[in-house]
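Each chain, letter by letter, is given below.
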Amino acid sequence: MEFYAELLISAMLVLAGFFGFVGSFGLVKLPDQMTRLHGPTKAATLGVGGVLIASLLWFAFFGDHYSWHELLIALFLFLTAPITGLMIAKVNMHLTWSPDELPHCGEDKHWATFGNSAERSLMDSTAEDGKDERDHHE
Amino acid sequence: MIRRLFPHPYLSALLVVIWMLLVNRFAWGSLVFAVILAIAVPALTEPYWPDRARLRHPLKIVRYCLMVIYDIIKANIQVAMIVLFKPNRNLHPAWITIPLELRSPEAITVLASTVTLTPGTVSADLSQDGHALLVHCLHAPDPESVILDIKSRYEDRLKEIFE
Chain A
1090 MEFYAELLIS
1100 AMLVLAGFFG
1110 FVGSFGLVKL
1120 PDQMTRLHGP
1130 TKAATLGVGG
1140 VLIASLLWFA
1150 FFGDHYSWHE
1160 LLIALFLFLT
1170 APITGLMIAK
1180 VNMHLTWSPD
1190 ELPHCGEDKH
1200 WATFGNSAER
1210 SLMDSTAEDG
1220 KDERDHHE
Chain B
-17 MIRRLFPHPY
-7 LSALLVVIWM
3 LLVNRFAWGS
13 LVFAVILAIA
23 VPALTEPYWP
33 DRARLRHPLK
43 IVRYCLMVIY
53 DIIKANIQVA
63 MIVLFKPNRN
73 LHPAWITIPL
83 ELRSPEAITV
93 LASTVTLTPG
103 TVSADLSQDG
113 HALLVHCLHA
123 PDPESVILDI
133 KSRYEDRLKE
143 IFE
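Residue numbers (the numbering used here), protein chains in the order written: chain A, 1090 to 1227; chain B, -17 to 145.
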């Protein structure tokens, strides 16, 4: 039993290491800044996720008591990783892309990064009357 | 009274759970402190989050999370293959525009985060009035199918949950 538990934990660690490696390798190998952004977002999900699962299992099998901190790490990671990605993407857009190179954004005038987005915020209108107000403006 | 004490009931519940997980073992004292936090934090942050997020089907969140985790694993393997074995000249990165039907800011935030977390796509920007999401794809020979995929897999389900 103990052997299989150790095997499972080691397998998770190796898997996590592999995906962490792929994420970092992507950072080197991919051609431009926007595609390079895809590398770290991967390492953050499966790579770190694998280590967390291994840690959960270790505490469940060999620890004194269950540990729940791993769930929190996963939660905070899932909250912060997309925001970091978004910020890096926005900086990239400002530095290396002009608005005409990006696809058109449909019914609005600009993407928020390039347009004058201070005009009106989504948060200004309440959820209930949001639709009506928006119709009035347009 | 209840409404003033708990302007964001889901946030309060989440804070209690997070605090108890942080403490890592059950004690009544920690529970009391968790409840104090659950009242104080939403009250302090209320000016920045005036609307109450409405959840129509809170239980469907569990199903959504499981589906996203499955997608993350599947997409991770696909992207690992692309990174390891596909030469850069065969790579077709693309910008795509996803027209949004979701209106609530919370739902759009969840959708954008999901898109970033599922590897192969990174959400880069929102249009000025929140009607479209700009997404960068690592490898999308057929951008239309990616748009349809995101709309049917994630947006429809989020619409069920939030609206």
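Treat the hints with care, since some could be wrong.
Calculated pairs, BS3-like style, for lysine-lysine (alpha carbon to alpha carbon, straight line, at most 27 Å) [to be verified]:
(1) B:K42 with B:K56
(2) A:K1118 with B:K141
(3) B:K141 with B:K68
(4) B:K42 with A:K1198
(5) B:K56 with A:K1198
(6) A:K1118 with A:K1198
(7) B:K56 with B:K68
(8) B:K133 with A:K1179
(9) B:K133 with A:K1118
(10) A:K1179 with A:K1198
(11) B:K42 with B:K133
Just so you know, these hints were derived from the structure itself, not from any lab.
_Check the hint pairing B:K56 with A:K1198 against an upper bound of 27 Å on the C-alpha distance._
Cα-Cα ~36 Å, so violated.
*asked:* Hinted pair, alpha-carbon criterion (27 Å max): B:K133, A:K1118. Please report holds or violated.
replied: Roughly 30 Å between the alpha carbons, so the hint for B:K133 and A:K1118 is violated.
*asked:* Just to be careful, I want the Cα atoms of B:K141 and B:K68 compared with a cutoff of 27 Å; is the pair within it?
replied: violated, 36 Å
_For a C-alpha distance cap of 27 Å, please report whether B:K133 and A:K1179 respect it._
Cα-Cα ~23 Å, so holds.
*Has the given pair, B:K56 with B:K68, been kept, meaning a C-alpha gap of at most 27 Å?*
holds, 17 Å
*Given the hint that A:K1179 pairs with A:K1198, does the C-alpha gap stay at or below 27 Å?*
holds, 17 Å
*Taken at face value, is the distance from the CA of A:K1198 to the CA of A:K1118 at most 27 Å?*
violated, 35 Å
*Do the alpha carbons of A:K1118 and B:K141 lie within 27 Å of each other, as the hint requires?*
With Cα atoms ~38 Å apart, A:K1118 and B:K141 exceed 27 Å; violated.
*When you check the alpha-carbon spacing of B:K42 and B:K56, does it fall within 27 Å?*
holds, 21 Å
*Between B:K42 and B:K133, does the CA-CA distance stay at or below 27 Å?*
holds, 17 Å
*Keeping to a limit of 27 Å between CA atoms, is the pair of B:K42 and A:K1198 held or broken?*
Violated: B:K42 and A:K1198 sit about 34 Å apart, past 27 Å.
Hint check: violations occur at hints 2, 3, 4, 5, 6, 9; the rest are consistent with the structure.
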